[in-house]
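2 protein chains.
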Amino acid sequence: MRVAFQGEPGAYSEQAIFDYFGEVKAHPCESFEAVFESVASRDCDAALIPIENSLAGSIHRNYDLLLRCDLHIAGEYFLRVRHCLIAFPGIGKKDIRRVISHPQALEQCAAYLRALDVKIEPVYDTAGSVKMLKESSDQTTAAIASRRAADMYGMQILEEGIEDNMENYTRFLVVQREPVTPDGEAKTSIVFTLKNQPGTLFKALSVFALRDIDLTKIESRPLQGQPWDYLFYIDFIGAAHEEKVRRALDHLSELALMLRVLGSYPRASQ
Amino acid sequence: MRVAFQGEPGAYSEQAIFDYFGEVKAHPCESFEAVFESVASRDCDAALIPIENSLAGSIHRNYDLLLRCDLHIAGEYFLRVRHCLIAFPGIGKKDIRRVISHPQALEQCAAYLRALDVKIEPVYDTAGSVKMLKESSDQTTAAIASRRAADMYGMQILEEGIEDNMENYTRFLVVQREPVTPDGEAKTSIVFTLKNQPGTLFKALSVFALRDIDLTKIESRPLQGQPWDYLFYIDFIGAAHEEKVRRALDHLSELALMLRVLGSYPRASQ
Chain A
8 MRVAFQGEPG AYSEQAIFDY FGEVKAHPCE SFEAVFESVA SRDCDAALIP
58 IENSLAGSIH RNYDLLLRCD LHIAGEYFLR VRHCLIAFPG IGKKDIRRVI
108 SHPQALEQCA AYLRALDVKI EPVYDTAGSV KMLKESSDQT TAAIASRRAA
158 DMYGMQILEE GIEDNMENYT RFLVVQREPV TPDGEAKTSI VFTLKNQPGT
208 LFKALSVFAL RDIDLTKIES RPLQGQPWDY LFYIDFIGAA HEEKVRRALD
258 HLSELALMLR VLGSYPRASQ
Chain B
8 MRVAFQGEPG AYSEQAIFDY FGEVKAHPCE SFEAVFESVA SRDCDAALIP
58 IENSLAGSIH RNYDLLLRCD LHIAGEYFLR VRHCLIAFPG IGKKDIRRVI
108 SHPQALEQCA AYLRALDVKI EPVYDTAGSV KMLKESSDQT TAAIASRRAA
158 DMYGMQILEE GIEDNMENYT RFLVVQREPV TPDGEAKTSI VFTLKNQPGT
208 LFKALSVFAL RDIDLTKIES RPLQGQPWDY LFYIDFIGAA HEEKVRRALD
258 HLSELALMLR VLGSYPRASQ
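Read top to bottom, the protein sequences are chains A and B.
If you read the first sequence in my numbering, its first letter stands for residue 8, the second for the next number, and so on.
If you read the second sequence in my numbering, its first letter stands for residue 8, the second for the next number, and so on.
You may find that some hints are simply not true.
One copy or any two copies: either way a pair holds, since identical chains are not told apart in the list.
Capping the alpha-carbon separation at 25 angstroms, the derived lysine-lysine pairs in PhoX-like fashion look like this [claimed, not checked]: (1) Lys126 - Lys101; (2) Lys224 - Lys210; (3) Lys138 - Lys100; (4) Lys100 - Lys141; (5) Lys210 - Lys251; (6) Lys202 - Lys224; (7) Lys126 - Lys100; (8) Lys101 - Lys141.
Just so you know, these hints were derived from the structure itself, not from any lab.
Let the hints inform the model, and build the full structure from the sequences given.
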């Protein structure tokens, strides 16, 4: 089995693939577009994409791609993100003058970095920052990335768990060509558009509230070419084949201009 | 009057300041944090911040800053974003080998750039890309930015309106230290949190639907330190001092754990 992810080897997404799938081949891609494309074109069997971080919020690009590509959500996985300060072996924390990483990782370690009193420089990727550091042979620079990235490039971890807020989780979605029918507790993700009229979103949410269906997430995205009209993405507890959910979606289709089920899948615990 | 914006002189935000305020001093800031700080510290009288683009979606960082800073929304403005291909005077389109701009501008002109068959390179800012081009003296590179940026740096516009989708608008918000009480048609922006229970968002929206108050936008952002709990940002038609709105907000305060009015302000037309 071949599973695509965005980023360099050692990325948090790659870690999430091994946690979720076990022994598979993880296939690195440059962009999220390339990740989706690799599954659509049958180059990969599935992909694992980050959809939301508990501190930084949604990865909106992936919401857009879920709509554009005709793929299905088949699972979810929560990864606890633990950032490491990584440098060349033999280097001490006091030798570090500069720290590089992805802007989001730098921001999540902002208080730690302020105390360290170093120059901060954003680069394109977390695991990529370790790769760049290795190639540069720079003994006074450290990178911020996963333990896995440090091991992969034979680098030293100066400190682990340097994020300012410990409640740092990323929710990943498994994306594949065929839908699944989950047993047991499930989640369903849908996307829809509504007429731009007063009260339509309230009516749309009523199809769930009237049936005691629990929403776990609502996200709005711009509808291309129709300024200030929106796509709504909703996640809720339940599977599309359950009677209650089937009726709710049927009811929603009366109100929605467009409605698509992106997938029902086993609910993961954090 | 001194109004802060994020970006280099010639930025779309600067254009929006002159459109909205007329003759004022526009004060460029490096980051959105610096923009908010310049108003809070009384260095500037107001700021104009982009909050949403009709193609790219919300500028989530500014939603976070609206909550963090104790400032008020006092107005809104819609700017039609028209991208220009900009090069040194005397250069023709056929001489161009490379195009630089902010990643969002590059993406909004993706089809145009594909037809041009050039190398594409993201840089930190649209107006900044013209500044960089000017400083580089590179005759084979073009930048994508506003007409204003081209004029400011004495550069030539090779083509105007090169965006793939003409429905390209950015909504800006005026932010200042004191709230305003708008006459005439108004909008109000609020932020609130809810108990994580089934149906609470539906109940929250009911306070508006039951009073025929029209929502224009809903946005969710992560609540820091409480994974998968959310802040909800809502814009609706009406001013906080109107009886109907006052009652709706009073009703919402029964359901919300936290509720803050970010401001009522005159509604702008697109």
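Against the structure, the hints:
1. Taking the closest pair of Cα atoms, Lys126 and Lys101 come within 25 angstroms of each other only inside a single copy of the chain (13 angstroms); across copies the shortest separation is 41 angstroms, beyond that limit.
2. Taking the shortest alpha-carbon separations for Lys224 and Lys210, both the intra-copy value of 17 angstroms and the inter-copy value of 15 angstroms come in at or below 25 angstroms.
3. Only within a single protomer do Lys138 and Lys100 lie at most 25 angstroms apart by alpha-carbon distance; the minimum there is 19 angstroms, versus 38 angstroms between protomers.
4. Proximity of Lys100 and Lys141 under a CA criterion of 25 angstroms is satisfied intra-copy only: 17 angstroms inside one chain copy versus 41 angstroms between copies.
5. In the homo-oligomer, the alpha carbons of Lys210 and Lys251 lie at most 25 angstroms apart both inside one protomer (17 angstroms) and across protomers (20 angstroms), since each shortest distance falls under that limit.
6. Both within a single protomer and between protomers do Lys202 and Lys224 lie at most 25 angstroms apart by alpha-carbon distance, with minima of 21 angstroms and 13 angstroms respectively.
7. For the homomeric pair Lys126 and Lys100, the shortest alpha-carbon distance inside one copy (14 angstroms) is at most 25 angstroms, but the shortest distance between copies (40 angstroms) is not.
8. In this assembly of identical chains, the alpha carbons of Lys101 and Lys141 lie at most 25 angstroms apart only when taken from the same copy (19 angstroms versus 40 angstroms across copies).
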